[in-house]
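Since chain G is already given, all that's left is putting chain V on it; use the hints.
2 protein chains.
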Amino acid sequence: MTNNRFKQYAKGIAGRARQASFEMANLSAKAKNKILFQVAGALRREKAFLLKENSRDVFAGRKAGLSSSLLDRLTLNEKRIEDMAASLEAVAKLRDPAGEVIERWKRPNGLRISKVRVPLGVILIIYEARPNVTQECAGLCIKSGNSVILRGGREAFYSNKAIANLFRKVLRSNRVSPDGVILVERLDYEIVDELLKRQEEVNLAIPRGGEALIRRVVATARIPVIKHYKGVCHVYVDRSADMRMATEIAFNAKCQRPSVCNSMETLLVHRGIAKKFLPLLVRELKSVKCEIRGCAETCRIIPEAKKATERDWYEEYLDYILAVRVVRSVDEAARHIRKYGSAHTDAIVTRTPKNAERFVQLVDSSSVMVNTTTRFSDGFQYGFGAEIGISTDKIHARGPMGLEGLTSYKYVVEGNGQLRQ
Amino acid sequence: MTNNRFKQYAKGIAGRARQASFEMANLSAKAKNKILFQVAGALRREKAFLLKENSRDVFAGRKAGLSSSLLDRLTLNEKRIEDMAASLEAVAKLRDPAGEVIERWKRPNGLRISKVRVPLGVILIIYEARPNVTQECAGLCIKSGNSVILRGGREAFYSNKAIANLFRKVLRSNRVSPDGVILVERLDYEIVDELLKRQEEVNLAIPRGGEALIRRVVATARIPVIKHYKGVCHVYVDRSADMRMATEIAFNAKCQRPSVCNSMETLLVHRGIAKKFLPLLVRELKSVKCEIRGCAETCRIIPEAKKATERDWYEEYLDYILAVRVVRSVDEAARHIRKYGSAHTDAIVTRTPKNAERFVQLVDSSSVMVNTTTRFSDGFQYGFGAEIGISTDKIHARGPMGLEGLTSYKYVVEGNGQLRQ
Numbered sequence: 094m095t096n097n098r099f100k101q102y103a104k105g106i107a108g109r110a111r112q113a114s115f116e117m118a119n120l121s122a123k124a125k126n127k128i129l130f131q132v133a134g135a136l137r138r139e140k141a142f143l144l145k146e147n148s149r150d151v152f153a154g155r156k157a158g159l160s161s162s163l164l165d166r167l168t169l170n171e172k173r174i175e176d177m178a179a180s181l182e183a184v185a186k187l188r189d190p191a192g193e194v195i196e197r198w199k200r201p202n203g204l205r206i207s208k209v210r211v212p213l214g215v216i217l218i219i220y221e222a223r224p225n226v227t228q229e230c231a232g233l234c235i236k237s238g239n240s241v242i243l244r245g246g247r248e249a250f251y252s253n254k255a256i257a258n259l260f261r262k263v264l265r266s267n268r269v270s271p272d273g274v275i276l277v278e279r280l281d282y283e284i285v286d287e288l289l290k291r292q293e294e295v296n297l298a299i300p301r302g303g304e305a306l307i308r309r310v311v312a313t314a315r316i317p318v319i320k321h322y323k324g325v326c327h328v329y330v331d332r333s334a335d336m337r338m339a340t341e342i343a344f345n346a347k348c349q350r351p352s353v354c355n356s357m358e359t360l361l362v363h364r365g366i367a368k369k370f371l372p373l374l375v376r377e378l379k380s381v382k383c384e385i386r387g388c389a390e391t392c393r394i395i396p397e398a399k400k401a402t403e404r405d406w407y408e409e410y411l412d413y414i415l416a417v418r419v420v421r422s423v424d425e426a427a428r429h430i431r432k433y434g435s436a437h438t439d440a441i442v443t444r445t446p447k448n449a450e451r452f453v454q455l456v457d458s459s460s461v462m463v464n465t466t467t468r469f470s471d472g473f474q475y476g477f478g479a480e481i482g483i484s485t486d487k488i489h490a491r492g493p494m495g496l497e498g499l500t501s502y503k504y505v506v507e508g509n510g511q512l513r514q
Numbered sequence: 094m095t096n097n098r099f100k101q102y103a104k105g106i107a108g109r110a111r112q113a114s115f116e117m118a119n120l121s122a123k124a125k126n127k128i129l130f131q132v133a134g135a136l137r138r139e140k141a142f143l144l145k146e147n148s149r150d151v152f153a154g155r156k157a158g159l160s161s162s163l164l165d166r167l168t169l170n171e172k173r174i175e176d177m178a179a180s181l182e183a184v185a186k187l188r189d190p191a192g193e194v195i196e197r198w199k200r201p202n203g204l205r206i207s208k209v210r211v212p213l214g215v216i217l218i219i220y221e222a223r224p225n226v227t228q229e230c231a232g233l234c235i236k237s238g239n240s241v242i243l244r245g246g247r248e249a250f251y252s253n254k255a256i257a258n259l260f261r262k263v264l265r266s267n268r269v270s271p272d273g274v275i276l277v278e279r280l281d282y283e284i285v286d287e288l289l290k291r292q293e294e295v296n297l298a299i300p301r302g303g304e305a306l307i308r309r310v311v312a313t314a315r316i317p318v319i320k321h322y323k324g325v326c327h328v329y330v331d332r333s334a335d336m337r338m339a340t341e342i343a344f345n346a347k348c349q350r351p352s353v354c355n356s357m358e359t360l361l362v363h364r365g366i367a368k369k370f371l372p373l374l375v376r377e378l379k380s381v382k383c384e385i386r387g388c389a390e391t392c393r394i395i396p397e398a399k400k401a402t403e404r405d406w407y408e409e410y411l412d413y414i415l416a417v418r419v420v421r422s423v424d425e426a427a428r429h430i431r432k433y434g435s436a437h438t439d440a441i442v443t444r445t446p447k448n449a450e451r452f453v454q455l456v457d458s459s460s461v462m463v464n465t466t467t468r469f470s471d472g473f474q475y476g477f478g479a480e481i482g483i484s485t486d487k488i489h490a491r492g493p494m495g496l497e498g499l500t501s502y503k504y505v506v507e508g509n510g511q512l513r514q
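So the protein lines, in turn, are chains G and V.
If you read the first sequence in my numbering, its first letter stands for residue 94, the second for the next number, and so on.
If you read the second sequence in my numbering, its first letter stands for residue 94, the second for the next number, and so on.
No lab work stands behind these hints, which were simulated from the structure alone.
Misleading hints may appear alongside valid ones.
Claimed, not checked - Below are the BS3-like pairs computed for lysine-lysine, each with C-alpha atoms no more than 27 Å apart in a straight line:
| # | chain 1 | residue 1 | chain 2 | residue 2 |
| --- | --- | --- | --- | --- |
| 1 | V | Lys503 | G | Lys447 |
| 2 | G | Lys323 | V | Lys140 |
| 3 | G | Lys199 | V | Lys186 |
| 4 | V | Lys140 | V | Lys156 |
| 5 | G | Lys290 | V | Lys432 |
| 6 | G | Lys369 | G | Lys447 |
| 7 | G | Lys172 | G | Lys127 |
What the hints assert, rightly or not - Derived Cβ-Cβ restraints for the label pairs, each shown as a range:
| # | chain 1 | residue 1 | chain 2 | residue 2 | range |
| --- | --- | --- | --- | --- | --- |
| 8 | V | Asp176 | G | Glu193 | 35 to 43 Å |
| 9 | V | Gln514 | G | Lys104 | 42 to 50 Å |
| 10 | V | Glu397 | G | Asp281 | 48 to 56 Å |
| 11 | G | Asp281 | V | Val381 | 53 to 61 Å |
| 12 | V | Asp176 | G | Pro446 | 42 to 50 Å |
As the list claims (entries may be wrong) - Just so you have them, the derived chain G footprint on chain V, three or more residues with Cβ under 8 Å:
| # | stretch |
| --- | --- |
| 13 | 309-317 |
| 14 | 500-506 |
Backbone N, C-alpha and C define an ideal beta-carbon position, used for all residues, glycine too.
One chain only, chain G, in its complex shape (with noise of 0.2 Å):
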């Protein structure tokens, strides 16, 4: 395709997806639920088509040599669809964002005014190789009372088409336009491109996927998106820390889960504390081979540990890797966190009340943890019920989120014939 045609075809689908969510967003809370419903019921009956189409991905990317993580992720099965559908169900019984009044108040001249949550309107999403993404947000877009267009990867490219042909068909058949669900078919990444400029339809991109993917759409968008670059997460040992707590903490937040963005890259620990509590920790890190990099100090302590480089601190490891510095203080801590953090997850151990708060004031990550593992940072562990995506930007959603995130608010003014003076 030419330049032209490219800009054509983004323009066509923007189109379509903002008429769609004129309708998207006047759907009541009802008719909302029973689509979500119904295409978990099409999900269950259409098993083996999705898995038909999904063996072919399955066989492509053996063929082009996907690593077996890849594979795994791209791989449908019974349970896995099983767990789509569930999962559909549940955001349906999640309450309604749209349309809730978030605040209400009356003004001496006898206006009403209220602040009320309204859908965004248009969501782009492009994310990568796994297939329930798909369903995911197009489950939470329809819920917030959004139209999607999504953007999958070419790894999952004939799953994605029948699971968003099922949501689409599922729309077209409550007299809805399908367009509130379009996936992107042409893969052109110029295409993506055309799309994050088109700001007088698209409300929103999020990126979901590498660092690399997350700073080409950040470098392109003339609309605004919402993402967390990487997640170096700290937990910083107070000298009053419960040595045992700590110890807990700290392989909770590196091993429970090492390859997700919540986990723990870095381990701060008081200089009071860091030679009774260091060996503790490194003797339960062993026990899963963790690779120790430190600075110099720590160093001195476990005799084992790497010497960590400048570097060492701005790494996302995602791996059974673990960055350790000794530091002076909640204050140098919170130093560190800032310099070379990520403004995703950070935590204190601490039996100090005054440390804890000093902490949470310096730390300005978009989840601040205190005495627990960084790991909780989640839209599910937070009890929003979705998840989809976690934000370390500071405009508008913060953190994990869930419905809430895909909303805006309007003011409406209410008189009885009010004039300016």
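Relative to chain G, chain V alone:
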């Protein structure tokens, strides 16, 4: 300067502002209010100096042939300086938004989660000639705990510098980094371009000025921008409207101050009432020599109306010109507003609650008025005590933005050793 010099200069400013933002965010409400009161005092004390500096701008402006309305906006006098001081004192008296607990809940595993309001960090304001914007924005940013980078227009350079320096002096005398308020003193536009790319340090850009300025900012920015391009506001007069109320509201919306963004540009009127209503309104509009540009049906009813072209429906006149269109229903009015409007502020005048409700539901503008004038869409009129701008975006703050629009939130999670299973 070479490109690289621009880059270095922007980097320097942004880095200093970010460094100061940690101090700003940690000031108590009392400390922030003290600073604002002291700046108000300094403005009054330094009145003579401010007037002298301002006269340099006015002199240069006259020589450069600025229009009389621009010169008026640029000129300070004793009253305007007193207004600036009083406005800072008013901001000092507002509730401090930072630190507010927005929500708090407990999870079944005992984790206590709070959603706490926090400052955004560093805010970049890009504006044109009015020097009081300098005081206004610096005041609101200080109150909300942010650093601000002010990039004012060349026309007001000496005035802006004098005002910004008062802020910096007071910050310094309170042992706070003066870089909480930075005026960009090199006016090469390339520096603005660079600042708009500094994602690591700058959290938000707010352009205040004409559409061309705003479009340029959006095209360059890699950071979030909050804005409205223009205000194409509508009043829809429903068939059941009280005739007198509708006339008063329409007249007020158009004529109380035509040059501002929340004044009406297009009147929509139900065809069942047009023949009676339009002549009544036009009689009023004639008294202020307001020009009418109408659809075919309007022109039949009002012979002196000019024929409106398609472009008129998109137009922000900011003048005594009104576009008028006859429509057949609330839905048609809403469709017109969706297509041609700017999502700023739109009003319905009706005695039918069902129609008001339908209008509010269908019109997705940042403010929707029922039986009152669009002119009330304003932070002060809404009771916010301040306004840093009006946003027609759907991300983050929408509609008139006060102090809350300059804040974000973080989650604080407190536990007693909970681990993720």
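Against which earlier hints does the structure fall short, listed by number upward?
Hint 2 is the one this structure does not satisfy, whereas the remaining hints hold.
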